[in-house]
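Participant: The lines below spell out each chain.
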Amino acid sequence: MNPVVGVLALQGAFAAHAECVASLGVSVLEVRTPEQLEQVDALVMPGGESSTMSQLLLSSGLFDAISTRISAGMPTFGTCAGMILLASEVLDGRPDQRSFGAINISVRRNAFGRQIDSFETSIDTPFGAFHGVFIRAPRIERVGPDVEVIGRLGDEPVLVRQGNVMAASFHPELAGDARLHEYFVSSMTTARKV
Amino acid sequence: MTSSNGSSVGTQRVKRGLAEMLKGGVIMDVVNAEQAKIAEDAGACAVMALERVPADIRRDGGVARMSDPEMIEGIKAAVTIPVMAKVRIGHFVEAQILESLGVDFIDESEVLTPADETHHIDKFAFTVPFVCGATNLGEALRRVSEGACMIRSKGEAGTGNIVEAVRHLRNIFGDIRKITQADNAELFQWAKTLQAPLGLVQEIAETGKFPVPIFCAGGIATPADAALAMQLGGEAVFVGSGIFKSDDPAPRAKAIVEATTHFRDASVLARVSRGLGAPMTGIAMDEINGTQRFAERGW
Chain A
1 MNPVVGVLAL
11 QGAFAAHAEC
21 VASLGVSVLE
31 VRTPEQLEQV
41 DALVMPGGES
51 STMSQLLLSS
61 GLFDAISTRI
71 SAGMPTFGTC
81 AGMILLASEV
91 LDGRPDQRSF
101 GAINISVRRN
111 AFGRQIDSFE
121 TSIDTPFGAF
131 HGVFIRAPRI
141 ERVGPDVEVI
151 GRLGDEPVLV
161 RQGNVMAASF
171 HPELAGDARL
181 HEYFVSSMTT
191 ARKV
Chain B
1001 MTSSNGSSVG
1011 TQRVKRGLAE
1021 MLKGGVIMDV
1031 VNAEQAKIAE
1041 DAGACAVMAL
1051 ERVPADIRRD
1061 GGVARMSDPE
1071 MIEGIKAAVT
1081 IPVMAKVRIG
1091 HFVEAQILES
1101 LGVDFIDESE
1111 VLTPADETHH
1121 IDKFAFTVPF
1131 VCGATNLGEA
1141 LRRVSEGACM
1151 IRSKGEAGTG
1161 NIVEAVRHLR
1171 NIFGDIRKIT
1181 QADNAELFQW
1191 AKTLQAPLGL
1201 VQEIAETGKF
1211 PVPIFCAGGI
1221 ATPADAALAM
1231 QLGGEAVFVG
1241 SGIFKSDDPA
1251 PRAKAIVEAT
1261 THFRDASVLA
1271 RVSRGLGAPM
1281 TGIAMDEING
1291 TQRFAERGW
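If you're matching them up, the sequences are chains A and B in order. Take the first sequence: its position 16, counted from the start at 1, is 16 in this note's numbering, and no numbers get skipped. So the number in this note's numbering is just where the residue sits in the second sequence, counting from 1, plus 1000.
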């Protein structure tokens, strides 16, 4: 059976991610409820406002459902706010903001500055240079020993992976280049064979 | 602008990118830090900082201008979500000031008194992105041709009446649907009729969608209004007077956030609509005479 990639669609750039995944010929489903989550094999958590998403995760009942699925090995890819939601430690977040603690990194919210500081530039990844779009972006300030850094901006980690969880501080869905989504989907397929 | 290390700020991609991040969310008008906190606590994806909500601007009359920088800075300090602020149509110096304050998005807004009766702001000249109001597709495309990175319906702000926003969204999305069916010869006619750049009309025909996100603003007062705007094609909503002019702002704000996310799920809409107290009273369109209609400002 062909895998279905879910895109968390509570708030944020879910439409752009869904377009990217669909361009690979992979089935995609917007996820707003626990019932929809049950129908997907992998999940993309988009950029947007992590404080908004955090509240909607709780009110929709998705928080516990996603947490359980990630622990059970569901391939998960978080970008920007999605990365914040996956991180084990969030700095400068709201005190009541909850995260899944699914990847051993510390991230600082909006550490690259406000919108006037948002930028695009080239970053280094396993498949060569990739166009990185950083919007009010969080910074990865600490990387745990069990976390693999697979993308860098200069010396700084911007794309990381730990087991079934991948996280980026930038926006691959805005790059007009689906290679990173392809990497996520293909590594997911590999993981499923194990 | 490109820096020495090859990174660029203020590009269309970066500016339109923030609009992408706001999709599916609720942007709430706030007049002080306390309201901004209530909005953030309720799940707003951004706040619009202004001195008076549109209902009060309408009531008070006179000239409505950009807000005091001190007040905008107070709101910026109070929340972690993006902060937007309004400038008068054509008032590029107010925009320069807001950019220097580091606001995240500027609304060139018909709710304030226009400063220029012919020209809108050259929005390409700024690093900060702009949102502009529109009542129809031609107006929306003219704003994009000036550099707007997000379009919102104008609706009729400060009325608590959704009828004008519905008209504007139906105008815009209806014409987009027609253009996607048009042949090449018809696209020239569309550009003429809409008084919009041909290239942008052709882009809609090719991609099947508008070049930048389209949000709904003007008259949203209830969770059902927000969901209606989303089902009609709006990609996020602005709520102005509708929250802080209602009986009990915090629960209403939270309910509108949930309704905007779950806009197709009637059971969620029914649940969040319960027991919210009275919405803002609202104004029927025939109670407003021509000069008091904000939507007619802008060209």
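Hints may contain errors.
Footprint (simulated), chain B over chain A, 3 or more residues, beta carbon under 8 Å [what the hints assert, rightly or not]: (1) 46-59; (2) 177-186.
Not the full set, but computed from the structure, chain B residues with beta-carbon under 7 Å of chain A [said to hold, decoys possible]: (3) Val1031; (4) Asn1032; (5) Glu1034; (6) Ala1078; (7) Ile1097; (8) Leu1101; (9) Thr1180; (10) Thr1261; (11) Ile1283.
The set of hints was computed from the structure by calculation and includes no laboratory data. Note that the structure is predicted; figures quoted are calculated from it, not measured. Where a beta carbon is used, it is the ideal one built from N, C-alpha and C, also for glycine.
Participant: All the hints need checking, so say for each whether the structure fits it.
Facilitator: Hints and how they fare:
no., hint, in the structure
1, 46-59, "holds (count 8)"
2, 177-186, "violated (count 0)"
3, Val1031, "violated, 21 Å"
4, Asn1032, "violated, 19 Å"
5, Glu1034, "violated, 16 Å"
6, Ala1078, "violated, 12 Å"
7, Ile1097, "violated, 13 Å"
8, Leu1101, "violated, 10 Å"
9, Thr1180, "violated, 16 Å"
10, Thr1261, "holds, 5 Å"
11, Ile1283, "violated, 30 Å"
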